[in-house]
Structure formats: structure tokens, C-alpha cells
Amino acid sequence: MTLLLQLFINGLVQGMPLACLAVGFGLVYRSLKIFHLAMGAEFILTGYILYALMNWFNMGLMSAIPLTIILAVAFGAAIEKGVYLPFFNQKSSAGVTMIASLGVMIIVENVIALIFGNNVKSISTDLEPIYLWHGLKITRIQLIQFLICGICFGGLGYLIHRSKWFKVIWAMGDQPKLVPVMGLPLNTIRLVIMCLAAFMVAVPSVLIGYDVGLEPHTGMSYLLTASVAVFFGGLDRYWAWGIGAICVAILQSVVVWLFSGEWISFVTFAILVFVLLFKPNGLFGVRKRMEEE
Amino acid sequence: MKKLIWPFVILVVIGVFGGRAWYLHKQAESETNVVKIGAVLPMTGNVPDDGDMTNKVMREALEEFNKTSDVKVKLITEDGKFTAKDSISAFRKLQSQDVDIIFVYGDVPTIAISPISQEQNLPIYACACKTVKLGVNTFPDTKYLIDYISDFAINDLKVSNAAIFHVKGPEPELMADHFEKRLTEKNIPILKKQVYTDNSSGIRSLVNKVLQENPEVIAVFGWGPTYPIVLNKLREQGFKGVILTDWNVTSYRNEIQPTEYPLYWTDTRFDIDSNNPEIKSFVNFFKQKYNKMPSSFAMINYISAGIIANAIKSPNYSVNDVYERILHTKDFPSILGPVSIGEDRHMRLPLVIKQLQPDGTTTVIKE
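Listed in order, the protein sequences are those of chains Z and V.
Using the numbering used here, count along the first sequence one by one with no gaps and you end on 853.
Using the numbering used here, count along the second sequence one by one with no gaps and you end on 368.
Keep in mind that the hints were calculated from the coordinates and are not lab data.
Do not take every clue at face value.
[As the list claims (entries may be wrong)] Here are the simulated lysine-lysine pairs, BS3-like style, with alpha carbons at most 25 Å apart:
| id | chain 1 | residue 1 | chain 2 | residue 2 |
| --- | --- | --- | --- | --- |
| 1 | V | K194 | Z | K697 |
| 2 | Z | K697 | V | K241 |
| 3 | V | K288 | V | K57 |
| 4 | V | K193 | Z | K697 |
| 5 | V | K169 | V | K182 |
[What the hints assert, rightly or not] Footprint (simulated), chain Z over chain V, 3 or more residues, beta carbon under 8 Å:
| id | stretch |
| --- | --- |
| 6 | 43 to 51 |
| 7 | 193 to 200 |
| 8 | 255 to 267 |
[As the list claims (entries may be wrong)] Heads up, incomplete: computed chain V residues facing chain Z, CB under 8 Å, no partners named:
| id | residue |
| --- | --- |
| 9 | I204 |
| 10 | R205 |
| 11 | L207 |
| 12 | N209 |
| 13 | Q213 |
| 14 | P229 |
Just so it is clear, CB atoms sit at the ideal spot from N, CA and C, and this is done for glycine as well.
Please put together the full structure from these sequences, using the hints given.
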């Protein structure tokens with residue numbers, strides 16, 4: 561029973577960074593209608609920027625993190641300005657934009673592998689302090705991940721529901737064509753969405769990189785898990801992304817109790833197939849009227 | 002004047018063709034004493050560093066050989082990209098260049114090439130664990146390696162129980178199965194045998210699952226990005242017992258956090274911090290020339306190139322007997338000690354047990 565509880569806690573903690581990644585994916589997918597594969601590139605690049613700042617420029621962890629996040633957000637903006645916006649202006653189809661996004665992902669992944677090599681890079685190899693409670697273990701980095709990612713997820717959720725500008729971002733997902741009609745700066749809003757998404761990816765990237773190290777080919781795996789969380793929870797509800805992420809992470813963790821590690825990916829995609837087949841709008845999704853579709 | 006044009010043209014044509022024929026004849030003459038060795042190496046793909054390093058050390062070894070030998074050896078490298086498909090095309094390209102033997106790096110390329118090499122009767126020298134159909138392996142047989150570490154666990158550590166944690170894949174599974182067999186033969190129970198994958202997100206939970214059994218010793222067999230994470234997470238989650246592993250650990254030494262608790266592995270005598278003058282000299286030479294540290298695989302591939310060259314050394318060299326000569330290699334004097342090719346067609350080289358010290362250095366604790 562202790563093991564099951566431990567696995568549940570591990571899943572719960574892992575769910576928070578995944579919730580942030582789900583926001584990074586969901587915001588772009590919902591508002592810009594882009595299957596944001598380049599998010600995988602943002603995820604890995606952020607970790608490697610931190611690694612480079614600490615190892616090449618001898619910066620301390622605490623001073624390198626803010627600069628890393630600023631650079632990661634700038635990269636998100638560059639993807640919008642250099643790739644997504646030109647395709648949007650040319651009225652390219654979603655498929656074409658997705659392929660371009662995949663191209664960004666592949667280029668970044670290979671450039672990173674070329675510069676840093678394919679071997680795993682550790683931001684820190686120090687053993688984390690561990691806290692024990694009735695036989696249950698939690699490490700300091702797990703607590704930090706849970707708290708910081710929880711604050712980021714909760715904070716953005718609050719802003720989306722309270723702030724006028726953030727409401728516009730959310731509304732853009734429902735009626736994208738109304739934004740220019742209402743005289744709002746569409747390109748600026750698109751840029752803000754990409755920057756916000758990049759921020760929500762950068763925070764867990766730094767924390768996960770610190771916990772388990774960096775490897776150039778992990779981006780796609782995290783991206784796909786985040787996308788499953790969004791579809792599982794329901795695309796049209798912000799909080800559902802978080803619940804979806806926590807459910808997926810707990811299931812991934814608890815599956816280990818019954819089976820082996822090789823079943824983790826199976827569970828993730830079984831969830832996706834199940835949801836798409838039986839609950840196409842997600843567990844907490846909003847059923848739309850036909851004229852809204 | 003017109004009368005002279007045709008004889009002049011004929012002379013030019015004769016000159017051009019004659020010159021070409023003479024050049025080709027000379028080239029053929031010079032190549033009769035050149036033996037071509039092919040190499041399918043991952044120059045790009047997942048492990049380009051390994052391919053690059055192998056290419057460099059093999060060229061070094063053959064260059065040294067060429068200085069003193071009448072028969073010259075030429076290395077022709079093709080990029081196998083560490084994939085089955087590209088390795089097979091690289092093999093075909095090398096075959097068309099009339100190489101006498103082909104060196105292959107890695108399990109995946111070796112498994113792909115092995116049947117074709119047998120079909121084409123072109124032997125391979127594989128830097129791989131998987132036994133090839135026609136050729137030899139640079140790695141000692143897996144069972145031979147695992148016998149060494151399991152005997153150490155049984156006889157020296159006198160363990161009373163153990164757990165096994167291994168990455169998904171045929172070779173680590175073979176290691177795990179053999180380790181389990183050796184221990185259970187001595188009535189030492191295996192409390193848990195757990196597989197992990199290259200997905201780092203579930204590692205902590207898998208570690209918790211293994212630690213739940215309170216094993217005295219955990220044997221970890223694997224490689225890849227999650228391998229050092231597993232070793233670190235075992236300690237992070239409070240495991241204070243002995244960790245046993247194999248020589249892959251040397252490739253990840255910078256990523257593994259040393260602790261006061263013992264981590265032992267089977268290895269060759271090679272170590273970048275070794276005090277052995279020959280090893281030291283090799284490491285320094287490599288570091289100065291290429292500005293990076295050689296890996297233990299680089300060392301083994303350097304020796305392999307030496308063994309191939311040694312088989313070619315005979316003045317009566319013939320293409321047909323190079324493979325036979327390699328098979329009969331016995332006590333080849335290498336930097337790591339005498340190397341032989343065993344009856345299982347795997348290299349046999351002296352093994353040791355090493356321990357990672359709390360300060361990050363390694364020490365040989367059993368020769």
C-alpha cells in the first residue's frame with residue numbers, strides 16, 4: 561500500500577510540470593489552431609540554454625535561470641515571427657504549418673545534438689535532499705517542481721479568467737476571426753500567445769532538466785504527453801488541461817505498480833485513443849452546438 | 002604542313018592512351034601490396050562521437066602498422082548512421098571496393114549486416130555484443146562479463162539477496178538473465194527483476210518499486226540517457242547497498258554522482274586516470290592530438306585494428322587466410338594486456354572489478 565501511495569505522489573508531482581507543458585501546447589493549439597510540434601524544440605532548447613549558461617559562461621544556477629527563461633521566450637517569439645506568422649499571412653493550411661513546426665523541431669533537435677552531443681547532460685548531479693513522511697519519500701526538487709509549476713499554472717489560469725487581455729486570448733480560440741473585426745491587434749495577440757506558451761514550457765523544462773538531465777531527443781515525448789493531457793481533459797477548459805495532465809501523470813506512475821516501465825507510453829496513447837473514440841471533447845470538454853463547430 | 006597533322010594527332014592519341022595505361026598499370030602494381038579494410042561506422046546519427054573516435058583510433062593503429070610493414074593497410078570508412086538500412090548500404094559500398102574484412106560498430110548495424118556478410122562470404126569484425134555469423138566480436142562474450150561480476154557478488158561480497166534493474170533490449174536482458182541464473186544456482190534469491198525504458202519520466206516510480214523489496218545488492222544493466230539517471234535516483238531514493246553494473250558506466254562517469262556507498266563494475270584495465278605508463282601515454286597522445294579523452298571502446302577498437310593488422314602482417318598474406326589468422330589470435334600484446342580470440346569468436350582480454358570512489362575517481366579492487 562505504501563508503494564501505491566508513493567507512486568501516486570510521484571504521479572501527482574510529475575503532473576504539475578506536465579500541466580504547464582499542456583498549457584504551452586493547448587494555448588497555441590486552441591488559439592492559433594497550430595499543432596505546436598515546435599514546442600518539443602522549445603522544451604529541449606531551454607534546458608540546453610541553461611546548461612550552456614552554467615557551463616560555458618560559468619553563471620550560477622539562480623542567475624542563469626531568469627536569463628534562460630527570457631531567451632526561451634524570445635525563441636518562442638522567433639518561431640511566431642519567422643515561421644507561423646508568414647504561413648498565417650499566406651493563408652497556409654494547418655497541415656502545412658504543422659509540417660513547418662515539425663521542421664523547426666527537427667532542426668533544433670539536430671543542431672543541439674551536433675553542438676552538445678547525444679549523451680545525457682546533467683545540470684546538477686548532486687543528490688537531492690529527501691523528506692520522509694510515514695515511509696513516503698519526496699525530494700526537494702519534486703517539491704520545487706510541484707510548487708513552482710503549480711503557481712505558474714494557477715496564476716495563468718487566474719489571469720485568463722480575470723484579466724481582460726487574457727480573456728481576449730481565450731476568446732480568440734472560440735472566434736478567431738472576430739479579433740481583427742473588433743479592432744484588436746491580431747499579430748500582437750498571436751505574439752503574446754507564443755511568448756506565454758514558451759514561458760509555460762520553459763519553466764518545467766528547467767525543472768525537469770535539473771531533475772533528470774538533458775537529452776536532445778526527449779522533446780517529442782514530452783510534447784506528445786502534453787498533447788494527450790489537453791485532449792484528455794478537454795480542449796475548451798483551461799483547468800481541464802491541468803486535471804488531464806495530473807491524471808495522465810498519475811496513471812503513468814501507477815501503471816508501474818502493476819506492470820513494467822515499458823507500459824508507460826502504451827498507457828499514454830491508450831488514453832488518447834480511448835478519449836478520441838468515446839469522449840471526443842475530453843473528460844471535461846464542452847459539447848458545442850453544430851453551428852459553433 | 003597538312004601532311005604532318007595526322008601523324009601528330011595519332012601520336013597525341015597514342016600518348017594519351019599509353020600514358021593512361023601506364024598510370025593504371027603502376028597504380029595496380031602499387032595496390033597489390035595494399036590491403037583494404039572497410040569500416041561501417043556511425044559518423045552521423047545517434048552516436049557520431051563513437052564513430053568519429055573509432056575512425057581516429059583505427060587510423061592511428063593502422064598508420065603505426067604501415068610504418069613497419071611491407072604490406073600496407075588502407076582503411077575505407079563508410080557512414081552507417083547507426084541504422085540497419087544505412088549500415089547495409091555502407092556494407093555494400095565497401096564490398097564493391099574489394100575490401101578484405103569489414104569492421105562494424107554497434108549492435109544494430111552488426112545484427113543487420115551479419116547475415117549478408119555470411120551470404121557474401123565477407124567476414125566482419127564487430128564492435129558489438131551480439132555474436133556475428135561470420136567474423137569476430139571485440140566485446141568479450143556477455144556471459145563471460147557477467148560471470149566475472151556475479152562471481153564477485155557471490156564469492157567476494159557474499160551477498161544474500163539481490164535485485165536486477167535493466168533497460169529494455171536484448172543484450173541487457175541477456176545480462177540480467179545470466180546474472181539471475183548465476184545467483185539462483187547458488188540459492189541467492191532475486192527479489193525483483195525490473196525493466197526500465199529510455200523514458201525518464203517514470204524512472205523514480207520504478208526505482209521506488211525496486212527499493213520496496215529492500216535488496217542488499219542491485220545489479221543495473223543498461224546504457225542510454227536513463228542509465229545514469231537510474232544510478233543517481235537509486236541513491237537519491239535512499240539505497241545504501243551495493244550497486245553492481247557493467248562497463249557502460251565508464252561512458253557516463255561525469256553524469257553519475259559518486260557517494261560513500263559502493264558502486265562496482267566489470268571493466269578492462271583501461272582508465273583515463275590510470276597510472277599504467279602505456280595507458281597513460283595513449284590517453285595523453287589522444288588528448289593532445291584530438292582534444293578529447295578516449296573512451297574505453299576507443300581503446301578496444303584501437304586494439305582490434307592492431308589485431309586485424311597483425312593478421313595481415315605475414316609476408317605470404319592472402320585474402321583468404323586473414324580471417325583464419327584473426328581467429329587464431331593468441332596473446333596479442335596490447336596496452337590492456339594479452340588479448341586472444343576465444344572459441345566463441347569473442348575477444349578475451351583481462352578483466353578487473355572497479356569501484357567508484359566518493360571523490361569521483363575509480364580504483365581497481367580486483368584484478
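Check your understanding: If you check each hint against the structure, which ones fail?
Key -> Failing hints: none at all.
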